[in-house]
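Participant: Now for the letters of each chain:
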Amino acid sequence: MKARVFVTLKPSVFDPQGRTIVEALHSLGYGGVGDVRQGKYFEVEVDAASADEARRLVGEIADKVLANPVIESYQIEIVS
Amino acid sequence: MKFAVVVFPGSNCDHDAYHAVKHVLGHDASFVWHKDTSLGGADAVILPGGFAHGDYLRTGAIARYSPIMATVRSFADGGGPVLGVCNGFQILLEAGLLPGAMLRNRGLKFICEDVRIRVEETDTAFTAACAKGQTLRIPINHGEGNYFASDDVLDALERERRVIFRYVDAAGQPTPEANPNGASRNIAGICNEGRNVVGMMPHPERACEGVLGSADGLVLFESVVKTLADRGGMAVSR
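First to last, the protein sequences are chains A and B.
The numbering used here numbers the first residue of the first sequence as 24 and each following residue consecutively.
The numbering used here numbers the first residue of the second sequence as 15 and each following residue consecutively.
Worth double-checking, as some hints may not be accurate.
[What the hints assert, rightly or not] Computed beta-carbon distance windows for the label pairs:
| # | chain 1 | residue 1 | chain 2 | residue 2 | range |
| --- | --- | --- | --- | --- | --- |
| 1 | A | 69 | B | 37 | 29 to 35 Å |
| 2 | A | 75 | B | 191 | 50 to 56 Å |
| 3 | A | 66 | B | 123 | 30 to 36 Å |
| 4 | A | 92 | B | 173 | 21 to 27 Å |
| 5 | A | 83 | B | 240 | 41 to 47 Å |
| 6 | A | 61 | B | 164 | 17 to 23 Å |
| 7 | B | 236 | A | 76 | 51 to 57 Å |
| 8 | A | 92 | B | 93 | 23 to 29 Å |
[Said to hold, decoys possible] Here are the simulated DSS-like pairs of lysine-lysine, each with C-alpha atoms no more than 30 Å apart in a straight line:
| # | chain 1 | residue 1 | chain 2 | residue 2 |
| --- | --- | --- | --- | --- |
| 9 | A | 87 | B | 123 |
| 10 | A | 63 | A | 25 |
| 11 | B | 240 | B | 36 |
| 12 | B | 49 | A | 63 |
| 13 | B | 49 | B | 36 |
| 14 | B | 49 | A | 87 |
| 15 | B | 16 | B | 240 |
| 16 | A | 33 | B | 123 |
| 17 | A | 87 | A | 25 |
| 18 | B | 146 | B | 36 |
| 19 | B | 49 | B | 16 |
| 20 | A | 87 | A | 33 |
| 21 | B | 16 | B | 36 |
| 22 | B | 123 | A | 63 |
| 23 | A | 87 | A | 63 |
For the record, the hints were derived by calculation from the structure and aren't laboratory data.
Cβ atoms here follow ideal geometry from the backbone N, Cα and C, with glycine treated the same way.
Kindly produce the complete structure, drawing on both the sequences and the hints.
Facilitator: What follows is the structure in structure tokens.
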């Protein structure tokens with residue numbers, strides 16, 4: 024099964040890269056851009072008999088490795 | 015006494031640390047490969063700077079699962095002195111041996127320059143030979159040294175006197191201008207509850223000889239020698 028994992032900085036954590044992207048967009052004339060938060064995207068293939076099992080497994084992986092809970096949160100999508 | 019310098023694939027300050035404790039300080043030292051599970055009877059452990067595992071995913075995120083880290087954890091739990099410098103500090107954070115996390119530097123640039131840090135506390139394994147309030151001129155060399163922790167954690171660190179080093183200006187004050195990377199509360203180094211595990215972004219091992227521009231870093235290594243001598247014996251590692 025395949026899962027998509029989106030890891031982003033928690034809202035309370037300042038994202039210097041996102042801030043720099045906003046400033047670049049403003050200087051390009053995209054004044055309507057309010058905020059950008061940069062994150063990470065993972066495609067994870069796992070052996071799992073069901074979507075629930077895949078979600079549990081990928082959640083464990085995200086907790087342990089893909090995200091640092093001190094600064095990041097994540098969302099999981101099971102795609103197939 | 016004997017130092018163990020842990021070598022991860024991508025460590026690049028391992029030889030600097032080895033040189034500082036062996037050739038400058040005059041103590042025994044050995045390298046320990048990250049896949050080993052023994053510290054070879056060392057009395058103190060150094061996790062050196064560099065880019066362990068290429069810093070892929072996050073700094074220290076892969077290194078924290080290296081086999082040696084379980085041994086380092088039990089050594090630390092038993093009171094053994096552990097110093098994490100730069101990438102070593104990042105690994106200690108990822109491993110949960112110290113609280114908090116590192117963010118990209120506020121200015122997004124990799125910074126390599128001398129900074130001034132103030133010794134906030136002297137009752138740790140690596141500051142026992144320092145004077146409280148003493149300032150040290152030591153280089154930093156990192157892209158991700160912007161120390162972050164929640165306000166609750168920061169308050170607890172302050173309350174428990176676990177902020178060990180702060181970036182300061184020439185007058186010894188932790189001003190915003192003296193903060194090179196945006197670290198919370200100008201924090202350059204912290205310790206654990208047992209005060210035997212210290213993590214810091216500046217590189218004391220690169221400031222141990224006058225010919226390098228500063229010998230201010232040597233006192234940290236002298237401190238751990240003093241700490242172990244005061245204990246009346248060496249810590250025992252496996």
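Participant: Work down the list of hints and note, for each, if the structure agrees.
Facilitator: Comparing the hints with the structure gives:
1. A/69 - B/37: 29 to 35 Å: violated, 49 Å
2. A/75 - B/191: 50 to 56 Å: Since residue 75 of chain A and residue 191 of chain B have Cβ atoms about 53 Å apart, the given range 50 to 56 Å holds.
3. A/66 - B/123: 30 to 36 Å: holds, 31 Å
4. A/92 - B/173: 21 to 27 Å: holds, 23 Å
5. A/83 - B/240: 41 to 47 Å: holds, 44 Å
6. A/61 - B/164: 17 to 23 Å: holds, 21 Å
7. B/236 - A/76: 51 to 57 Å: With a Cβ separation near 55 Å, residue 236 of chain B and residue 76 of chain A satisfy 51 to 57 Å, so the hint holds.
8. A/92 - B/93: 23 to 29 Å: For residue 92 of chain A and residue 93 of chain B the Cβ distance comes to about 27 Å; the hint holds.
9. A/87 - B/123: holds, 29 Å
10. A/63 - A/25: The hint holds at about 17 Å.
11. B/240 - B/36: holds, 16 Å
12. B/49 - A/63: The hint holds at about 28 Å.
13. B/49 - B/36: The given pair, whose Cα atoms are some 23 Å apart, holds under the 30 Å limit.
14. B/49 - A/87: The given pair, whose Cα atoms are some 20 Å apart, holds under the 30 Å limit.
15. B/16 - B/240: holds, 13 Å
16. A/33 - B/123: With a Cα-Cα distance of about 22 Å, the restraint between residue 33 of chain A and residue 123 of chain B holds, given a limit of 30 Å.
17. A/87 - A/25: holds, 18 Å
18. B/146 - B/36: holds, 27 Å
19. B/49 - B/16: holds, 20 Å
20. A/87 - A/33: With Cα atoms ~17 Å apart, residue 87 of chain A and residue 33 of chain A stay inside 30 Å; holds.
21. B/16 - B/36: holds, 9 Å
22. B/123 - A/63: This hinted pair holds, its Cα atoms lying about 20 Å apart.
23. A/87 - A/63: Status holds; Cα separation ~15 Å.
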